[in-house]
Structures are given as C-alpha cells and as structure tokens.
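Q: Here are the chains, one letter per residue:
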Amino acid sequence: MNWNPTLPDDGLSRRSFLAAGATGAAITTSGCMNSVRSVVGQAGDDQLSLSIATVPAEGDKQSIQIARRLESNLKKAGMAVSLDVRSQSEMLKAVLIDHDFDIYVGLHPADYDPDFLYETLHSTYANEAGWQNPFGLTNMAFDTLLERQRHSEGDERKRDVQSVLKALAQAKPFDPICMPDEYRLARADRFEGWNEADLTTRHGYLGLEPADGVDQIHALKTDARATSNLNPLSATMRERNTTIDLLFDSLGTVNNGEIEPWLATSWDWTEPDASEQASTLTATVTLREDCQFHDGEPLTPEDVAFTYRFLEDTSLGRAPSSPAPRYQGHVDVINEISVDDDAVDGEYELLFSFEGGREAAKRAFTVPILPKHYWHDLVDGRAADGEFIAPQGRWIAVTGDHIPPVGSGPFQFDSRTQDEQLRLTRYEDHFTLREDVNLPGPTVDELRFDIAPSSSSAIRQVADGNADVTASMLSAYTLDAIPDTPDVEQLKSTSRTFYHIGFNVRNAPFSNTHFRRAVSQLIDKEAIVEDVFYGHATPVATPVTDEWIPESLEWNGEDPVLRFLGSDGELNVEAAKATFESAGFRYDDNGRLLGGY
Amino acid sequence: MLAEVLTQVAVVIAILVPVSIIVFIGRERLARTRSEWRTRLKTTAPMIAVLIVVLLINRVARQVAPKLSRQIGIRLTSAFYNIEGEFILVFQAIQTPETSAYFSSIYVYGYTFLLIFPVIAYFTLSDTRVFRRLLAAYALNYAIGLILYIFVIAYGPRNLMPAELMERMLYDTNPEYQYLTREVNTSTNVFPSLHTSLSATVAAFAWQTRSEFPKWLPVAVVLAASVAISTMYLGIHWGIDVTAGLLLAALCVTLSHRLVGRWSLEELTEKYGDRFLWLQERLPSSQEQD
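Line by line, the protein sequences give chains A and B.
Numbered according to this note's numbering, the first sequence spans residues 1 to 597.
Numbered according to this note's numbering, the second sequence spans residues 1001 to 1290.
Everything labelled a hint here was simulated from the structure, so no lab data went into it.
Hints are supplied without guarantee of correctness; some may be wrong.
As the list claims (entries may be wrong) - Cβ-Cβ distance ranges computed for the label pairs, FRET-style:
id, chain 1, residue 1, chain 2, residue 2, range
1, A, A481, B, L1255, 22 to 30 Å
2, B, Q1008, A, E387, 16 to 24 Å
3, A, R394, B, M1166, 33 to 41 Å
4, A, N195, B, R1075, 41 to 49 Å
5, B, L1255, A, Y587, 51 to 59 Å
6, A, G535, B, P1214, 37 to 45 Å
7, A, D589, B, E1084, 40 to 48 Å
8, B, E1084, A, G154, 41 to 49 Å
9, A, G154, B, I1083, 54 to 62 Å
10, A, E192, B, V1009, 14 to 22 Å
11, B, E1084, A, G257, 44 to 52 Å
12, B, A1101, A, A188, 44 to 52 Å
Claimed, not checked - Computed list of lysine to aspartate or glutamate pairs in EDC-like fashion (alpha-carbon distance at most 20 Å, straight line):
id, chain 1, residue 1, chain 2, residue 2
13, A, K76, B, E1036
14, A, K75, A, D46
15, B, K1067, A, D98
16, A, K158, A, D445
17, A, K75, B, E1086
Said to hold, decoys possible - So, partial list: chain B residues that the calculated Cβ filter (under 10 Å) puts toward chain A:
id, residue
18, S1126
19, I1150
20, F1151
21, Y1177
Predicted model only: the values in this text are computed from it and were never measured.
Ideal Cβ placement from N, Cα and C applies to all residues, glycine included.
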C-alpha cells in the first residue's frame, strides 16, 4: 500500500541487475545509516572486528555450531570475532527490533509461498522493526523483481521468483545454509490421523480421532516462549505461528501447502479490467456467519476490515504510522477493503482489492483475525493519556503478552504456568463443530502443551507413553536414535524453514556486497549438514522449496554460485585472504584484516 | 518427571545420611546432642533464621532477578569463551561411560549430600560456633552468588559447545535432571559456580574440624573436588566460574570466622537490650560457651 504499484514497462535485464549487484554497496547503504549504532571497528589500521549473534544450544543446538564454525573461519581470515549469545527472544529483539547486530545465525520460519521474500527484502521496510527486511537492504533492482513476482501468476510467476532467487544468490543480504529435516514423534495408540496434516499448521491438531476415553492431547514443546506471550503481533516470541493459529482464525488456512477457505466460506476473484489503467484484482470474500470470539462478542466483517487496518498501522492513525512487526507482506498486497453493502446477505461480504496477482493475494488471507473491540479499546486507552506515541515494533500493543488472548480459533486459552505449561480448551462454539461444516475441528476437550527441557527428553516421554506428541521440531542430533517401535509414529513435515546467516547491511563492511560474498564463501554448507545435522538437512543456495529453484541454483555437491573456499570443511586460508583482498580489503604484516578500506 | 527426580534424590539422601551419622559422628556425640538440642537450637536460632531468610530471598529473587539482570547485567559469555576457549574439553581425556555416570551422580546426589551432612554433623558439637559459622558461610555464598548472578549474564560451555560435549552432557544422558536444575537455576547463571563454592566451603570446614571428624575430612575433600570437576566435565561451568567459586568459598569461610562470634548476642542484647527486651527474655543466659 505504500509503494508505487506501477511496474516499469521494461524491467532490468538480468545482466544489468548483476552489474547493479556488483556495485551494490552504494545503493544498499543509501538512506538507512542514521539510527543504527555501528558495532564494527572501522578505524584505519585497526583489525576488523565483528560479532556473530546467535542463540545458546538450549534454544537451538545447530545455530551455535554454525556460528562457531563461521567464527573460526572468520578468525582464520584475519578478523577479530566475538560471539553474542542471547536467548531466542533477546536475539530476535537485537536483530529484528533493535537492528543491533553485525551478523546473526538463525532459523527462518519462511512460509508456504516464496512471496515471504517480499517483506524479507523490500526496501520499503528497511527502516521498520520486525520480520520485514531485518537486514536493512535497500535495492531498487530487488524491489522491482519482488513486485513483479507479486503480480504474475503460474509459469510467469515461477520465472519471476527465480529472478529474485538469482539476484539473492549474488547479492547475499543473507545466505541460506540448509533446510533441516523436520521430524516429530507421536504415540500411535491414543489418536488416529497424525499423518493427515502437518503439525506445523493448525490442521495438525485438528480432526484427530481419539481412542475411546481419550479427551486430551498432551503435546511437548521445547520452546517455552508460548507460555509467556500469546500476542499474535509479537515478532520476538515465536518464529512460526502454529499456536496462534489454534487460538485465532484466519480467512483462509494453509493445509498441505495450499490455501483453503476457513473463516471465509469462499472468495470469488474478479480479474482486473485490462482496458482500465487503475483497475486491479478484486475478491469478494464471504464470511462464515454467526461466529464469535472467545469472549462472546460476535465476529463481523468489521473485525476483518479492522484487522488489516490495524496490522498496517497499530496506532490507528493517532500517532506516526506504526506497522505491526509481522504480516507486513500480507497486508501490503491489499489495496482496499470495503464491506459490500449491495450484496444480498451484505452483512457477511467484504470486497478486497489487491496490488498483485492471486497467488500473492491469497497469502493475505492467512493473518489472524483480531477482535476490533479489544484492540481498538487498547489504542483508545493509550491515546486517552494525552501524548500518544506508538514506537513501531516496540509499543505495548505489539510487545505485550496478551494473556488471556482473545481470538476465535478452535481452541481457547485456559491457563498457563510460565516456562512450564500452556493449557488450551476446545472452543465449543467454533464453526468447525457445526453439523453443516465439513472441516476438521477440535476433537478433544483439552490441548495441553508441556515444556520439555530438550528434544531427547521429549522423545523419551512420548516413547514411555507419558505424552502424545512432540510439538517442536526435533533436534537433528536425536534423529538417528528415534525409537522405531509400533508404539510411536514418526511424522515428517515438508522442510521449509532454513538456517541462514544474515548481515546488517546498514553498516560497513556488511554494506559491501563483495564483503558479504567473501564471507559466504567461508561457510561449508555441505560439511555443516554432515557434521552439525548428521546428514538430516539439505544444503541450499536458495531459501525456497524445490519446485521454485532454477536449474542454475540447484545444489550439486557445492554451492552453485559462491563455492566454499576449501575442501572437506577445512578453509583454504590463503584463498580466503586472496578473496578478501580482491574485494578491496587490506591485510597488515601480521595477517590481520584491516577495518579501513 | 520432576517429582521422580526429587524422590530419587530424597531416597539417596535418606540412605546416605543415617549411614554417615553412624560412621562419622559416633554414639557419644549423638547422646549428648539428645540432651542439649534445645539449648543448642536456641543459641543457633538467629543464624538459622538468617540462612532461611537468605534462602527465601534467593527463591523470590529467582523470579525477579532474570528480568533485572537483563536490564543491568553485563553479557560475558563471549568474554569467558574468548579467554578460556575450549579449556574444559581437557576432561575429554578421562571420558568413559563410567566417569560420566560418576560425575553425573556426584553433581546431583553427591552435592546434595555434601551440603546436608555437615549441617547435621556440626549440630552435634557442643560448641555451636562451628555450626553457626557453617550456616553463615552458606548464607554468604548464596547472597554473594545471587548478586553476581544479577550482574553477570553468561551461558555455560554446554550452550556453546553442544557437539563436543554431546556424549557426556548431563542433560542428554539424563534428561530428567534438567527438570531439577531448571527448578533451581536459570542457564545464564553460571558465574560463579555455586556448586564449587559451597562444596569448597564444606571442604574447608572439614579441614578445620578434622580433630572432631577425622574420617569426614578425606570424604569431604574427595567429594568437593569431584563436584568442582563435575561442573566442568558436564559442560555446565567454565573454568573461570569454578575459579571464582573457589575464591568465593575462601571469602565466605574467612568472613564467617570474622563475623560469627565477634558480636555475641549477649553483648548485643546488653548494648541494645532496652530495644530488644523481648529478645533478651528468650535468650538463654549462658549464651556463648567460649
């Protein structure tokens, strides 16, 4: 909504783009150097020093190992490196909200559609706090490509997405390392249907058939953050939204990689009128009738329209614009929403108009629908205090714990014990429980998440019959030892999430494309997959699933674009130093890489 | 799971303590304690109260401290790691399934026993000063430890070197222990090692009371050394944390000698007696037996 939707008639050719990428330093740093403290030593003859932010092993066993390998190779290449180890929420705060980092290593949640790259890389978000463009990349060529894949469909879109991927593989604002195999473990005897849907989506917990007398799903999470924060807008308290999607409904629902109607019963597309310049794609969305939030208030088209407006500006226009630190790609594809008064049953119809094609537009249907009465009151309450500011990504509406959460989803909040337990109960009035609705619903009275200290203890509890399922992705080191008995089922999900290293391109030297490219050549993805993931991951050059990857970016035993400078995990130090030198960096007599260049 | 582990700890302690009482304390002392326990309890009540208060503060602070710590604490993980690097991996040389089992049980059961037994043993001494000093030293360890935990935010080696420590990490071989330690401490509280400082405190007291409990000294020293090594062997603490733990122990033992017995309650009550009449009434007249 805040970018110019008209595409240039003649986009940049790939070659001219690559040229732009090669000289990208000037472009990438423009206009976003103001607010960020540079944490990099840059004085002329000082050694270049940088820090790598990541999470401790208790949060994620793999990230810290990737970070230490990178640390070791950066040191060999002559840099002074320190590890900045923070808890998961603190790491995300430093990276996403405060932009106070040099390099970070983490797991990106990605999404079912490559359009997530839009908010991840588009310049319009370079100064915003949240999951939108945490790197601070500002590159017009990228913007053009990202916008183009939004507008196209089918094979054309595939080619447009591939252009983005090719540009990404060259410019490296972040470097995807690998996609971990995603496994979970479930007890076989208490429920039927664990394999019907993916436990990374709400459907994994719905439609299960309990055995006689079973009225509770007992799931184990290894990440305790959901016990202390259930704010659907929080950027730092979760990567994926699975728990939120159980508490909240969305218009559409992602099931096995496809969007299906959920809170909306249908959406009917109207293609833009080619003869009119201003005409855009529209959809008439019919909302399910008589739905209610967990507090008993009705869920109306007004709540739906409010949700998108609120996500776009959580201050509701009463303070400088404050977009939510999540879902920006989802809401920005929408041009306008109006409640359709002319329809026969007008009360339950909304008219969406989009700045993009159907595939990108559908992604907008996956955001959680929020109760207007709750959030509007919250903003009113704050605004009543007189001077109202809503610092973007930092104010209470997006950082508060929001417990108990007011949603309309198939499960409602019951209780929690911080760092130990979260209890949800079936929402008896949920539409999936209606007789005329043929969608999977909550089949048990209670869904209880206990926090297990580690994947291995979670596996043991399920294997011993003390829990039903592991809700978190199992850590790679446990996968070779998963019990293989008839009592338990191994559940495999499509790998979409990816480990990556991200650069803060707001600051030198990370603003320099050559520097980032040289750093990414210090990472042996193949060896990482072997040693850190015990082979339970796929090394990648792109952050999307197979069907989108162009032939030129397919993994063929090494990175197809920027291969590792060494072999078998061992860095060739001379080659690494030569690469940094040809990128314009200098070494002193002691082999230290100098900060000034 | 937590209840399971707690039961195990309770059972082990319930077996070790009576056995140790018979071996290290002897019938004579026990008999005298039976006749004198009321007076001793009265004499030592203030110090017991101090320790309980410190432990309660510790318990409450554990809810509040992490938040405060995030605001005012200094992040030292990187500094510790840069200083000592992979030092603790030297213990890889002695790694076998047996040593892993030994150090795991030392860390959980040995340590608990090491802390509980001296409290009982020193209570059986007619001179209550040793008992009071021990409690004072415990209280000081916890109090100073808590303050350092607030100011220092650091993750232990297991959070940085999961692969190298995989085979012997307490939590992967015995994941149930994590339910226990999670109750007791957060993972950023590694500096100093309170396991080390309290164990070393007990060992120092064992040395000072070697004439009363000659057989206890070697046991306490071996257990204390094992606890200190176990924290590094299991990847829970850095060498720096253990060193700081030893220094803290030395400080607390010294302070406990300076403080306890310096101001006897008798003197204090004389000095401020008018303000604490109620206290005077409750105190036995033969307050200090030295």
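Q: Within 20 Å, alpha carbon to alpha carbon, are K75 (chain A) and E1086 (chain B)?
A: Since the Cα atoms of K75 (chain A) and E1086 (chain B) sit roughly 16 Å apart, the hinted pair holds (cutoff 20 Å).
Q: Using Cβ atoms only, decide whether I1150 (chain B) comes closer than 10 Å to chain A, and label the hint accordingly.
A: Hint on I1150 (chain B): violated, closest Cβ of chain A at ~16 Å, above 10 Å.
Q: Could you grab the alpha-carbon distance between K75 (chain A) and D46 (chain A) and see if it respects the 20 Å cut-off?
A: holds, 15 Å
Q: Given the hint of 51 to 59 Å, check if L1255 (chain B) and Y587 (chain A) actually sit that far apart at their C-beta atoms.
A: Taking Cβ atoms as reference, L1255 (chain B) and Y587 (chain A) lie about 52 Å apart, which means the hint holds.
Q: Hey, K1067 (chain B) versus D98 (chain A), does the alpha-carbon distance stay inside 20 Å?
A: With a Cα-Cα distance of about 18 Å, the restraint between K1067 (chain B) and D98 (chain A) holds, given a limit of 20 Å.
Q: Go through the hint on F1151 (chain B) and say holds or violated, using the shortest Cβ distance to chain A against 10 Å.
A: This hint is violated: F1151 (chain B) lies away from chain A, its Cβ roughly 17 Å from the closest one there, beyond 10 Å.
Q: Does the Cβ pair G154 (chain A), I1083 (chain B) satisfy 54 to 62 Å?
A: holds, 58 Å
Q: Verify the CB-CB distance for D589 (chain A) and E1084 (chain B) against the hinted window 40 to 48 Å.
A: At roughly 29 Å between Cβ atoms, E1084 (chain B) and D589 (chain A) fall outside 40 to 48 Å, so the hint is violated.
Q: Between Q1008 (chain B) and E387 (chain A), does the C-beta distance stay in 16 to 24 Å?
A: violated, 58 Å
Q: Taking the beta carbons of A481 (chain A) and L1255 (chain B), is their distance inside 22 to 30 Å?
A: violated, 49 Å
Q: 14 to 22 Å was suggested as the range; check whether the CB atoms of E192 (chain A) and V1009 (chain B) agree with it.
A: violated, 40 Å
Q: For G535 (chain A) and P1214 (chain B), compare the CB-CB distance with the range 37 to 45 Å and indicate the outcome.
A: Check failed, 57 Å falls outside 37 to 45 Å.
In the structure shown, a violation is registered for the earlier hints numbered 1, 2, 6, 7, 8, 10, 12, 13, 16, 18, 19, 20, in ascending order.
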